[in-house]
Amino acid sequence: MKCTFLPSQLSQGLSLVQRAVSQRSTLPVLGNVLIETVPGGLRLSATNLDLAIVDTVPAEVAKEGKTSVPAKLLADYVGSLLEVPCTMELDPQGRVLNLTCGLHKTKLHVIDPAEFPPLPVAEGGTSVIVDGKTFAAGVAQTVIAASSDETERVYTGVRIKVDPSAQTVTLAATDRHRLALKTLPAKEIPDGDEQLIAIVPAKHLQEVARAVNEARKEVAIALGGTTSFVTFTVGDVVVTTRTIEGRYPKVEQAIPDAAGTTVVLPTADLRREAKTASILAREESNPVRMSITSGTVVLTAWSSDVGDDEVPIPADVTGEGLEISFNSGYFLAALEALDSDTVHMSFNKAEEPGTIRPHGREDYVYLLMPVLHPSLRPSL
Amino acid sequence: MKDMMDAMTERIHLLDPVVADAIAAGEVIERPAAVVKELIDNALDAGATRITVRARGGGIAAIEVHDNGHGMVPEDLALAFARHATSKVSHLEDLTAIRTRGFRGEALASIAAVSECTITTRHADAAAATSVRARFGSLLPPVSAGRDVGTSVTVENLFGNTPARLRFLKGERGEHAAVLRSVMDAIIAAPGCSIQCEIGEKVALSSRGGELHDVLPAIFGRGDAAKLLPFSGSVDSIHLHGYLSTPLAHHGNRMHLFVLVNGRRIQNAMVQHAIDDAYRGYLPSGRYPFGIVAIDCPPEAVDVNVHPTKRDVRFVEPGTIHRAVHRAVWQVLGSAPVEGLGPGSPSNGRSLLDDAHAADNSPLQSGSFLSESASHIERSTSVQLVLPEAEPRTGPRPSMGSLGPLRAIGQVRNTWIVAEGDAGIVLLDPHAAHEKILYEELRRGLADAAVPVQSLLVPLLVPMDPATVVHVPDIVPLLMSLGVAVDVFGEDMLRCSGVPALGRGHVTEDTIATLVRDLLDRVNPQEERLHRAAALLACHTAVRLGDALDLREQQQLLDLFAITPEALTCPHGRPTCRIISDGEMRRAVGRPLREPLEAR
Numbered sequence: 095m096k097c098t099f100l101p102s103q104l105s106q107g108l109s110l111v112q113r114a115v116s117q118r119s120t121l122p123v124l125g126n127v128l129i130e131t132v133p134g135g136l137r138l139s140a141t142n143l144d145l146a147i148v149d150t151v152p153a154e155v156a157k158e159g160k161t162s163v164p165a166k167l168l169a170d171y172v173g174s175l176l177e178v179p180c181t182m183e184l185d186p187q188g189r190v191l192n193l194t195c196g197l198h199k200t201k202l203h204v205i206d207p208a209e210f211p212p213l214p215v216a217e218g219g220t221s222v223i224v225d226g227k228t229f230a231a232g233v234a235q236t237v238i239a240a241s242s243d244e245t246e247r248v249y250t251g252v253r254i255k256v257d258p259s260a261q262t263v264t265l266a267a268t269d270r271h272r273l274a275l276k277t278l279p280a281k282e283i284p285d286g287d288e289q290l291i292a293i294v295p296a297k298h299l300q301e302v303a304r305a306v307n308e309a310r311k312e313v314a315i316a317l318g319g320t321t322s323f324v325t326f327t328v329g330d331v332v333v334t335t336r337t338i339e340g341r342y343p344k345v346e347q348a349i350p351d352a353a354g355t356t357v358v359l360p361t362a363d364l365r366r367e368a369k370t371a372s373i374l375a376r377e378e379s380n381p382v383r384m385s386i387t388s389g390t391v392v393l394t395a396w397s398s399d400v401g402d403d404e405v406p407i408p409a410d411v412t413g414e415g416l417e418i419s420f421n422s423g424y425f426l427a428a429l430e431a432l433d434s435d436t437v438h439m440s441f442n443k444a445e446e447p448g449t450i451r452p453h454g455r456e457d458y459v460y461l462l463m464p465v466l467h468p469s470l471r472p473s474l
Numbered sequence: 029m030k031d032m033m034d035a036m037t038e039r040i041h042l043l044d045p046v047v048a049d050a051i052a053a054g055e056v057i058e059r060p061a062a063v064v065k066e067l068i069d070n071a072l073d074a075g076a077t078r079i080t081v082r083a084r085g086g087g088i089a090a091i092e093v094h095d096n097g098h099g100m101v102p103e104d105l106a107l108a109f110a111r112h113a114t115s116k117v118s119h120l121e122d123l124t125a126i127r128t129r130g131f132r133g134e135a136l137a138s139i140a141a142v143s144e145c146t147i148t149t150r151h152a153d154a155a156a157a158t159s160v161r162a163r164f165g166s167l168l169p170p171v172s173a174g175r176d177v178g179t180s181v182t183v184e185n186l187f188g189n190t191p192a193r194l195r196f197l198k199g200e201r202g203e204h205a206a207v208l209r210s211v212m213d214a215i216i217a218a219p220g221c222s223i224q225c226e227i228g229e230k231v232a233l234s235s236r237g238g239e240l241h242d243v244l245p246a247i248f249g250r251g252d253a254a255k256l257l258p259f260s261g262s263v264d265s266i267h268l269h270g271y272l273s274t275p276l277a278h279h280g281n282r283m284h285l286f287v288l289v290n291g292r293r294i295q296n297a298m299v300q301h302a303i304d305d306a307y308r309g310y311l312p313s314g315r316y317p318f319g320i321v322a323i324d325c326p327p328e329a330v331d332v333n334v335h336p337t338k339r340d341v342r343f344v345e346p347g348t349i350h351r352a353v354h355r356a357v358w359q360v361l362g363s364a365p366v367e368g369l370g371p372g373s374p375s376n377g378r379s380l381l382d383d384a385h386a387a388d389n390s391p392l393q394s395g396s397f398l399s400e401s402a403s404h405i406e407r408s409t410s411v412q413l414v415l416p417e418a419e420p421r422t423g424p425r426p427s428m429g430s431l432g433p434l435r436a437i438g439q440v441r442n443t444w445i446v447a448e449g450d451a452g453i454v455l456l457d458p459h460a461a462h463e464k465i466l467y468e469e470l471r472r473g474l475a476d477a478a479v480p481v482q483s484l485l486v487p488l489l490v491p492m493d494p495a496t497v498v499h500v501p502d503i504v505p506l507l508m509s510l511g512v513a514v515d516v517f518g519e520d521m522l523r524c525s526g527v528p529a530l531g532r533g534h535v536t537e538d539t540i541a542t543l544v545r546d547l548l549d550r551v552n553p554q555e556e557r558l559h560r561a562a563a564l565l566a567c568h569t570a571v572r573l574g575d576a577l578d579l580r581e582q583q584q585l586l587d588l589f590a591i592t593p594e595a596l597t598c599p600h601g602r603p604t605c606r607i608i609s610d611g612e613m614r615r616a617v618g619r620p621l622r623e624p625l626e627a628r
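These protein sequence lines are chains E and G, in that order. Taking this note's numbering, the leading residue of the first sequence gets 95, the next gets one more, and so forth. Taking this note's numbering, the leading residue of the second sequence gets 29, the next gets one more, and so forth.
Don't take every hint at face value.
As the list claims (entries may be wrong) - To give a feel for the contact side, a few chain G residues facing chain E, derived at Cβ under 8 angstroms:
#1 V481
#2 L485
#3 V497
#4 V500
Don't read these hints as lab results, they were simulated from the structure. Just so it is clear, CB atoms sit at the ideal spot from N, CA and C, and this is done for glycine as well.
Whole structure, please, built from the sequences with the hints as guidance.
Written out as structure tokens, the structure reads:
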């Protein structure tokens, strides 16, 4: 194996695939990246058996072959090189990879590529294509609501639902306390009316979003196959992830149809004041209370150890006045994820969920379960 | 003749005095250690400042106690072996105000009844000593002898006339250990007296006398003595002082916890409960504090004449004693130095007892944490809660020494948080620390029924056996006070629609199931159940070990940790952090403790 490459190009590819490398695996080869020559380039692959990321970077191939080297070491090394054409050549015994980069002559010990496990693949199933940027934004808006608690694996995932009749792909995440739901228009979707569902680890979905850039404009999702894997193809990058087994709750049903109280106000105003208030809430779980009256929303945050903060914000309020509390961390996360200038919030009762949406749009809903206070508890 | 014999054995008659004495002696003198205790008591009552105890053959072959007290005049010596002969009590009313250690007038008579006993004594005014010997209850005539002012008692062939008793003894080693414990009791009770105990030919225990502080190494060993912290204070006419272990040091049994009332070692369930209760949540389960709790109260406030061996007492106002003991423990927990090692200086010891008392002039009124919480729950939920019989917690919970502000440096392997503070390098277990923070929050919330509830979008469904489900409605309001909204959902299912809005909120079906079972477990007292419930929820809502925390989250945790009372141990009693002081670090790397600034 022999080829010439540009450090910046290899470095970009490594930074993507490196995310699938096992940090602490009992199998040393899983800490490595598999490098294979392909016509006009090098294919880089890494996997931790649940997630596999493959990227192909341009290179001039002089002699075909493959090898595997420690991923982090190679990434750190290539990342520090000057931008001049470099060569890599595997010695005839296949034990050492020789790199020549400017004045540097480097030898890296390799692991036999035959030891590299076969990469997981999604076989069969259907493929749907969505716009890359919209997908990445949708992922960012939904993963915030996924749980980090590994004891309930279903909730650590994002549910992907492909709806051919509506021509949409929806992403949903909940940790039982809140729900984020994003609907993406599909660019290409197979005919039929059978809905397809897959639950994908939120962390893995973020790797897909990371691959999206100006050059990689589309995301093709292959799901519903015979294996328990879903494959995302983003230009030359292929991310394959194991799905999470389990039943996902029918979260759409939780979104209230009507609202007794709606509040519309500039997102930036609410975001800024909520951020200030959350400083007083101290721990993220401490609540922030919204007192909604005609024309004003008063945000109150407090912490028994520190004190409290109260700020009135002018708002366009319709319907009845209301007082409702939310976890300040969850509330702020929603406002930070929102991509519109105006926020639309709707509520019914203090003990019922509230929703946060971009004003005038239905493609994103963030539903928040309220925090009940002793004084607000139903009498027993 | 045979008929006469039968008549004799069947009819009721007065016991032969020797037999009666042997029976009575059994109550007081049950083992050699009891002999040692009684003889040391007598020596101390005689004003001795130096006592030597010798025991051979488990104390059965021989026990000797020599003292330099005021001794006895020959006329008194003749009476010494008579039952109910004492110099300490004359009138019935004296019994209500006993200030001496012995008083029943039974000790010497009882010992003499079951052994061969020799007393040699010389009164300060007498020219020579007198010696008298008793053999299993029968007195031999006194003879002159030679010795200094003071008394020596030699007890030989103990239980020689009651072989049944011998069979119940624990063997030489066990009896020697018991003798040593008796001597330890005496050293603690009279620290000013120089006491030495020789077992066989070896000096097994020696105290040169001094303040209580000076005898600690003799009793606890040098290592444990260094982990004891002093306390003192008064409530009404009750004065408490002593030394107790910090939460970071503990024993597997209660052998080294000495409770004294007016200088007498006792074993009292109420005092024990007060100590256990105050330490609850500071020590791992099955571990006990050690130390000395000396209670001084007016003689009329306590009845010591409950048990022949004077092992237990009755308090006229048990509630006051309970509270006083409780506060004393808090004082120790509150003054525990940050590093949890090395004794605190008694001069710095704040007198929390006095402070607490000044703020609360009616110590018997229950204005306590638990009764407050209970009354709140009652008010808000109309559930009858069973209060523990003993006096509950009172006043503000003490803080276990403040670490001061801490600055997060980073997290090692997504596990330990490294921080810097005034005390040095602080290595924190984020789970245990967060657990403690949340536990305190839950306890506070429970007290004012103010734990906020995070309602759930997808309720937790908890399968449970129907026999348990039946009882769940009884505890629904209590669960609500803990921030858990549960209702019965079919005969074998519970539905949880709200969890405490605390921490990370990782409450699962299992958490709810355990919580419900713990709260329904009537075996444990209410206070214990509430503690367990709060500890369980705190544990499950806390950051897990292995959760990656960014610097902001680490700092947030440290800020809360620094203001949480007694944060050095988690609710299960395990330490939450390790502090490496500058000095410790310097020693570890072999640098001088102080070096000039220019040195590198």
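Verification of the hints:
Hint status for V481 (chain G) relative to chain E: holds, with the closest Cβ pair at about 4 angstroms, below 8 angstroms. Taking 8 angstroms as the C-beta cut-off, the interface hint given for L485 (chain G) holds, the closest approach to chain E being about 5 angstroms. The beta carbon of V497 (chain G) comes no nearer than 18 angstroms to any beta carbon in chain E, farther than 8 angstroms, and the hint placing it at the interface is violated. Interface hint at V500 (chain G): violated, since its Cβ lies 14 angstroms from the closest Cβ of chain E, which is beyond the 8 angstroms cut-off.
Of the numbered hints stated above, those contradicted by the structure are hints 3, 4, listed in ascending order.
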